[in-house]
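Since the structure of chain A is already known, use the hints to place chain B on it.
Protein chains in written order, with the numbering used here: chain A, 8 to 317; chain B, 882 to 1737.
Hints are computed from structural coordinates only; laboratory data are not their basis.
Please read these numbers as outputs of a predicted model, since none were measured by experiment.
The beta-carbon is built from N, C-alpha and C at its ideal position, and this holds for glycine as well.
Below, computed lysine-lysine pairings styled on PhoX-like, alpha-carbon distance capped at 25 Å:
| id | chain 1 | residue 1 | chain 2 | residue 2 |
| --- | --- | --- | --- | --- |
| 1 | A | Lys166 | A | Lys186 |
| 2 | A | Lys166 | A | Lys191 |
| 3 | A | Lys166 | A | Lys176 |
| 4 | A | Lys165 | A | Lys191 |
| 5 | A | Lys139 | A | Lys172 |
| 6 | B | Lys1000 | A | Lys248 |
| 7 | B | Lys1278 | A | Lys139 |
| 8 | B | Lys1278 | B | Lys1258 |
| 9 | B | Lys1258 | A | Lys139 |
Here are a few chain A residues that sit away from chain B, every Cβ distance over 10 Å (derived from the structure):
| id | residue |
| --- | --- |
| 10 | Thr110 |
| 11 | Pro224 |
| 12 | Asn261 |
A short, non-exhaustive set of chain A residues, derived as facing chain B with CB atoms under 7 Å:
| id | residue |
| --- | --- |
| 13 | Thr19 |
| 14 | His59 |
| 15 | Ser66 |
| 16 | Leu124 |
| 17 | Pro128 |
| 18 | Arg140 |
| 19 | Ile180 |
| 20 | Ser281 |
| 21 | Arg284 |
| 22 | Gly285 |
| 23 | Ile287 |
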Amino acid sequence: MPTARYHIIHETRYDYECPVSLSQQLLHLTPRDCPWQTCVEHAIDIIPTPTHDGTRLDSFGNPLRQFAIEAPHDSLLVRAESLIDVHPHLTARPFAKSPAWETVRDGLAYGAHPVQLDAAPYLFESPYVRVKREFSAYAAPCFTPGRPLLEAVQALMKKIFTEFKFDPKATTIATPVLKVLEQKRGVCQDFAHLMLACLRSLGLAARYVSGYLLTQPPPGQPRMIGADASHAWISVFCPDKEGGFWVDFDPTNNLLPDTQHITLAWGRDFGDISPLRGVILGGDAKMPEVAVTVMPAGEVATQAPHFSAE
Amino acid sequence: MPRSLLLNYPRRTDRFDEMLAEGSELRPAWRGFLEHLSTATAEQMRHRTDYVHRRILENGITYNVYADPEGADRPWELDPLPLILSSGEWDEISAAVTQRARLLNALLVDLYGEQTLLKDGNLPPALVYGHNNYLWSCQGIRPPGDTWLHLYAADLARSPDGRWWVIGDRTQAPSGAGYALENRVIVSRVFPEQFRDLGVQHLAAFFAALQENLAHWAPTSEDGQKPLVVLLTPGPYNETYFEHAYLARYLGYPLVEGQDLTVRNQRVYLKTLTGLRRVHAIVRRLDDDFCDPLELRGDSALGIPGLLQAVRAGHVLMANALGSGLLESAALPGFLPGVCEKLLGEELRMPSVGTWWCGEESALDFVIDNLDRLVIKGAFPSQHLEPTFGDELKGAKRDEMIDRLRTRPQAYVAQELVRFSQAPTWSKVHERRLLPRGVALRVFVAATANGYTVMPGGLTRVTSAINARMISMQRGGSSKDTWVLGDVAPSTFSLIKPLLGKADLVRSGSNLSSRVVENLFWFGRYSERCEDGARLLRVGLSRLVDAGPEDIPALLSAFEVCKALGLLPQNTEEKTELPQQETTSKEPANTPPKIPTRAEIEGRLLAGLCTSEWGDGLAGNVRRLLWVGAQVRERFSLDNWHALNRLQHQLQGYNKQKPAIRDALAFLDQMLLAASALAGFAMDDMTRDDGWRFLIIGRRIERLIFLANAISQFLRLQSTRAPGCIEWLLELADSIITYRSRYMAQPELMPALDLIVFDDTNPHSVIFQLQGAQRYLSRLSHEIGDSLDDAVQRLAAFDLKCFESRDFGDCQSCGTCLKLADLLDEIANAAANLSDRLAMRYFTHIGDVGRQTLAA
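Bound-form chain B, shown alone:
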């Protein structure tokens, strides 16, 4: 029974316990869940925690940490146990945060409009005019329906007496709703029966309301089409970029960056492959002062010049409205009770944490007298001031703080210390144990045409230690799903619109931005480049492992092709070879070059995989592949993502300092497996729109260049005349099985060339790449579509008969070999030129960022 789990769980009297009531009784809302938990075996729970861990890694749920010296994405932390709230309790929270959303919206209407609050002295002008997020250019703008806040989030914490308090307001571009959704998807699968039996309320209706609201307020389009809504992100370096991509995919909005949008004639357009498309609403995750370098911060490269004028003209809806960051102020909560009375004629339902703005003389005196039990914060976000705990200030530091408060009192706010309530988390270390941790709850509110609605649940944030004074994902906290129990069976509604009209049907991806297309093209090229490189390195390394002396010539030839194709980074060994060559320069010129030793070959091939830096070799290409993949994350299915994330973990697990050949080969095998998975997803898992077409063209061009170059080098190099070389050439083109099934004999050159150059049924042949690229290009544009015609015709005109009755083993760079090699070189060049032409014609360029000009 629950007792056993609760034996080691300390109930404390100095803070509220979410699970246990007075006398250590379970609270009613927790009983059902705890009963189940106490019967779960240690093994079951291990499976569950493993599942959570795996899903997070596979889904690539991350939270970027600015302060991290590695600059790395940190995996999201999620405790499998939810925070459980009864429906009665939730109703109170819900009513309070709805009121607060209404209040804050009314506050924005007043501060950017009539300013009666300032005129009547209800609010200090310092908190408005002194706040860097009061956007002067937005003064007088009235958003549709006077709705400034479309999505609002409140951070709540519970004091020892059980009351909820608001500890923070997120009015600008609240983050966390996507993480809450992802937590729900995972945790509801960890406890599916409990989730169902307890009648936990679903989240999907909340997002549907948000979508409907945006469609409702967005300006109508001229042609009666559905309004186009986009999600504006600062880009992959933002701490919550995962969530931007996740929400964009979930809500069905294109994910765009500032440079994807342009303003023409006071209207916002998305730059797509097929031209400019009007944008009607923008859900922004970009801070408002960065949104328009023309009228707001001129140094912003992330914004859209002219956006504000489009807003002013009513041609685009911003969610949230520009200027709403003004309310993210530590000083504001102290004034809300009065403002609520004045604007709404109501009493504030949920108090804010005790707040004193030092700009008031009486408050300043109070703060100095009670410094020990307060935390000092900056009044404005622009101060970037770390919160300072009064009781940690001693001696000179304390005097210095008091001096600062007196010198510029307006800039400081003091708040009461928050003692978070505690909830059980599942120990990662102990066998079966609950650990108490501090929790705070982020609740989300969305505007609808009929007022504000609350997400039944939210993001529960967990402190890293029981006594932690701060909750912050930046500081290594964790998170929980939040279960609001229903007293009625919840609707099984999910985000599939039942009532789509015919006009709503969308067939082609006409919202593809040029940037997305460019990234998909390079995704195709890099995934193929990784595959080709891995194949060639495997040819070499596998012959190093289990080769007898008779295999050495084939190894040497493969090594030379690797070098000729630039697959092996220049290293110090190569440089030390140079003086040796100089000393031998007096000898006759036809002396065979120094034959590298086995150890040298091994070292160079391993370096081709990766050097001590991740930037070089195959590993560097894998990293570039993951990078372009991350730019278009929302375009891939979840399974496709899993394959990419596995690849990343395999790369991280690879020992780059002291790799053994065995490990290198194992990594190459994994790499090739992942590559074939990516190829499979590309062919079977993606919609056939122009974005997909560019991805495939990228793959074809890359493979074409690789094959043409590799075969050309093979024909030119003398070392390939040794036995065993044609085998590896076929292996390189993944065609050895086909060859054997066709000829059942030792490979010979002419049939091998036929198979890997001229056979248009072999997906690894040169002609197959050419024809494939040709076919997809013709769907895009005729002017570029025929740029490969010449190559195809010349290849078709080439007669293999000239290789007949020749023994390749005896051939010394004969004219026949050189003729084909030259043709292949030309084909590789044509493919490279094609790539450049596509870039010129279709892709946006990084240089397309506006430049600010000022003149006096």
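So that you can see chain A by itself, here it is in the shape it has in the complex:
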């Protein structure tokens, strides 16, 4: 498969009913550079203009934009636009040849050598990911004794894809992952958190990946601006002779991410890398309007009617 080039627009708009006197925001909207991904062009526009503004890398190596608006304002618009090349990167190594999952688990436990310091941050509980026997029990049928790690993880991905229903009404950001397991419904964040909980409860290292997915418009219809959404999947650590490598799995679509998935950032869970995270003084608790457009470069999208009407 050839390299894919995408034009991505991610717009977030807050309209406040009463003015906000101080707003401080952290943005994870700049695509991370990876061996398989190059960011050709990138810009973030913020209206109103921030009083203070800066960029740095966060503790997980993701680009981070931090700004503050110290004057009263009624609305906030953040518009991130990127031009990105994604190269094919599916691992050539057959899953069946990967080490047995118990071997991987034992290699990550304390006392094993060498110490896998890259994987260690993603082994334990984090605010959105619990470690509990309910999760290891759910994953147990896929993790049979001696099964190669990547095969078992792929089986788990398929199990979640088959048994869970995609339902945006069923959950919010605050829904605990244990509840997601009970009700078997949710969105991509929930499925990613659930899969992480299963893997970490088994003693494996896995991280949360945030990004975008290229979707195809219904046959015969044009691509609509803002019709997409941000996406989330997971990545699991697999040791090898050189140390180890990470393999992505998308439980929402039962896919092995390749050139259709664009990576923004990774961390322990959603909380580490949520695209916009802020604290405001004043304003209200209304949810923002978010519009994401992922286009193969060169293609022209049509203004979505629902967005221009508002």
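What follows is chain B alone, placed relative to chain A:
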């Protein structure tokens, strides 16, 4: 001789005795003290224990107990007998905890920096990445001087063989240093001669070192001014809030809450009355994950959004550094010997209590085999796991625990049981007796530019019973002062800096936060409201007690004014009156209203003092007064505090279920006495800064509203035309003595009105309140300052001559009375509006708490 006291004191062989050596000989350090104690009479000792008890109540030393269903502050428990340690022994302790502070600081430097300990396998990653107080956002931050721990505390206990062990580390925001100081202040006054003769080492130098260290590492301010250091508290609901206020006052740091601070351009500012003031260092008593809702816990309403970025930029010093809570882990001590070798190249001087982290396979097997002599704890504070004693687990529970350990071994730690050493405490029950109790010692260490220094003393914690396995102030333990004997005469240094330069002189309280000012304003209003209410209720109740039939009309009028001013809570009696009125509605409208019986009046007046709930009536206002007082505790002198605390005890002692009139009157007298004490402190005991000005304006506004309303009602109501009414009106305005000395006759209306409305030399007159408020307002702001001018002018224009040659007894709501009543109503309204305008202009609002937003 000591023998007599020691006769009933059991020495046990299974634990170390702090006072007695082998063969029941007194240890040398204890001899001098015990000799004195054995000669002290029972009466002397009673005085001493009473003194301790009284000081604790009066100083309001408390420890909030979360689990207490009453949610109440519990008085601090302090045994008068100190724990005594020889200087030789102290040197060993001191060297060991200093080393431990250095070690833990080096550990933080490594874990938030290079992480060589993790890379080399000296420390399990689970204890770092699995710990909810490992703050990812702090990774890579380097605090000034690489000092993470500015104040560190170690909990020590002594095993039967006499060795000291570390049983806990406090690295986040150690509590107890303030309580230790307060214990010292009290106990050194109980035994002043012994304290001096034994050469007990003083504590003040320790706090001075802490202050100097913060000033040293704080970022320099642009204008060459002294760095501003604040003490950040989670607020009055925190279990150790007393200590926050106490330390803030002792160290001279403003006590602030998160909403008092704001971050602008990566710098921290205090919101003060006169604008934003740069803050250079923050001593925090707030857990680190709550400190910045932007980057840490988003659900924290207590923190300061953007704080971490200010820290990253090096614009503010945090003590202790954010992230240091990581070391408060039950599992860590087991790894310290190795870490100490690696980081410091030294052997660990004082061992930790035997600790096994179950995440290691060999440790897990050991723990399961030896469960009976171990206690199981959670490896991370986020687990909120109560310690479980292995020998108390039987049958299914034991199997369940073993299953849990095997399923998630990383989450559990086993520790050896600690058998505390014992020390004598003074019996509260027996005549003269020493009771042995388990003790543990909390020792405090502070960073200085030249390394760590130890507080010579500490907080000794005492178990509630001799066999108790836990020491916890939450579970009803007590405390002791700790005396470290010196071999040289101790310095008489106390916390008064000898070398202040001219630049250090501070005149105005420019560090006043808006929140403090708001609380002082309401403190003024509530103290006046309590006083006014008490005065009016006393007018009524005193006429109920010793009144003959001729006094009844005056009683009725006072009762009606109470009702009109809303002083009497609506109660069931009033509701039952309604249907009665309906049945009589067919009768002519001018039928006089039903006259309440004496019993009804009594019931309603007592309810005005307090109902079965504390929230209503005068008692409710007293409680609100105490509450706002508690918010600004550090602003009051100790004596002022004592007055408030006495008031609280009087309120608690009042029988709200079945009050007798006599008790109610006694309480009102006490209330008025306390009120005049508070008024005295306000005038004579507080610095004249803007905070004080708001307190006084609050008092003036409240009294103005009360007087204006009361006099207006008096003029409007028909019942006040009866004999004896003008007397009580004068009594209400505390002006009866002045009146009598001026006129030496039965009170009449016009001179009475002159005295309580128009006489600007009477501190209880309407005009006095107006002019006073006007004067203090003009110091604050001109735009608000003139909002009372209109009222003052109209009052001055009012001519009392129109009341001349009128007999008030015959007056039936005449135009003259109504005219003055209307004017007084307008004045009361203007005062209420002024209060609102002040709030809009100067005070922070509760709504000023940041709101987290997330978008995907």
